[in-house]
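Turn these sequences into a full structure, and let the hints steer you where they fit.
The chain contents come next:
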Amino acid sequence: MVLSVIALISALGVVLSKNPVTSVLCLIVTFFTIAGHYIMMNAQFLAVVHIIVYAGAIMVLFLYVLMLMNLNAELEPQKRNWLKYAGAISGGALLVVLVAALRDASMPALSAQPTEVGLIKNLGQILFKQYVLPFEVSSILFLSAMVGAVVIGKKD
Amino acid sequence: MPVQYYIFLSIALFCIGVMGVLMRRNAIIIFMCIELMLNAVNLLMVSFSKMWADAGRVDAGSAQLFVFFIMVVAAAEVAVGLAIITMVYRNTHSVDINILNRLKN
Chain A
1 MVLSVIALIS ALGVVLSKNP VTSVLCLIVT FFTIAGHYIM MNAQFLAVVH
51 IIVYAGAIMV LFLYVLMLMN LNAELEPQKR NWLKYAGAIS GGALLVVLVA
101 ALRDASMPAL SAQPTEVGLI KNLGQILFKQ YVLPFEVSSI LFLSAMVGAV
151 VIGKKD
Chain B
1 MPVQYYIFLS IALFCIGVMG VLMRRNAIII FMCIELMLNA VNLLMVSFSK
51 MWADAGRVDA GSAQLFVFFI MVVAAAEVAV GLAIITMVYR NTHSVDINIL
101 NRLKN
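Here the protein sequences line up with chains A and B, keeping their order. For the record, in the first sequence the residue sitting at position 47 is 47 according to our numbering, with numbers rising by one throughout. For the record, in the second sequence the residue sitting at position 41 is 41 according to our numbering, with numbers rising by one throughout.
Think of the hints as simulated: they come from the structure by calculation, not from any bench. Built from N, CA and C at the ideal position, the CB exists for glycine as well. Be aware that a few hints might be false.
[Said to hold, decoys possible] One side of the interface only, derived from the structure: several residues of chain B facing chain A at Cβ under 8 Å:
1. 1
2. 4
3. 12
4. 13
5. 29
6. 35
7. 62
8. 71
9. 72
10. 85
Quick look at the structure:
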């Protein structure tokens with residue numbers, strides 16, 4: 001599929017590009033392709049939330065921090081090159097192990113007809129009936145993260 | 001389209017994220033690779049949700065809610081993490097993670 005190829009290429013671009021701003025832009029492309037996959041799997045609510053949260057909020061935060069730091073001229077020092085090869089080899093080994101372990105698994109094929117699960121009506125029913133306690137806990141988590149970020153980032 | 005296709009796509013994205021965490025030394029790029037790994041897991045969970053919905057299970061929406069909660073946790077993590085990186089940059093004028101090894105002794 002075209003979307004998957006774009007996702008993999010831009011994910012490699014995140015890792016391999018020298019400029020951090022290029023990495024951020026490649027990551028935004030990856031997020032849009034993942035949102036396309038969500039739409040193809042009838043998870044419309046998750047696709048919209050994914051684009052709003054990731055491409056709209058988190059990546060803007062990353063770009064803002066990069067702009068604040070002015071890292072464009074700074075290149076990573078090239079010494080200890082074997083560490084990069086070691087990282088690449090261990091990541092590739094993990095890839096090989098996982099693919100070899102799951103290659104023979106028998107899974108059913110996804111059908112093409114749309115399902116109603118991903119609509120916001122059904123997800124809202126589940127969220128506010130079955131998962132209302134994790135919802136409230138996540139609100140407390142957000143509040144504490146916000147307070148923590150302000151306290152850490154405060155000029156002392 | 002078989003579910004294996006999405007499993008292998010998620011594995012590839014996750015391993016690219018692992019490779020990035022191991023290879024790069026810029027703390028911001030390491031954070032972005034962590035986001036990439038979280039998204040690989042999210043993609044896998046949505047495809048399993050579709051698989052269960054095709055099988056006629058009524059609770060297939062739980063997986064999508066887990067994805068929702070993972071997004072919540074990722075947003076909180078990025079806020080705190082970028083605050084920490086900003087603090088480190090203010091103190092050391094670098095985001096190279098090898099600077100941070102003074103925590104060792």
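Hint-by-hint comparison with the structure:
1. 1: OK, holds: residue 1 of chain B within 8 Å of chain A, min 5 Å.
2. 4: At 5 Å from the nearest chain A Cβ, residue 4 of chain B passes the 8 Å test, so the hint holds.
3. 12: OK, holds: residue 12 of chain B within 8 Å of chain A, min 6 Å.
4. 13: OK, holds: residue 13 of chain B within 8 Å of chain A, min 6 Å.
5. 29: With a minimum Cβ separation of about 6 Å from chain A (threshold 8 Å), the hint on residue 29 of chain B holds.
6. 35: The hint holds - residue 35 of chain B has a Cβ within 8 Å of chain A, the shortest such distance being about 7 Å.
7. 62: holds (7 Å)
8. 71: Holds, about 5 Å.
9. 72: holds (5 Å)
10. 85: With a closest approach of 7 Å, the residue 85 of chain B hint holds.
In the structure shown, no violation is registered for any of the earlier numbered hints.
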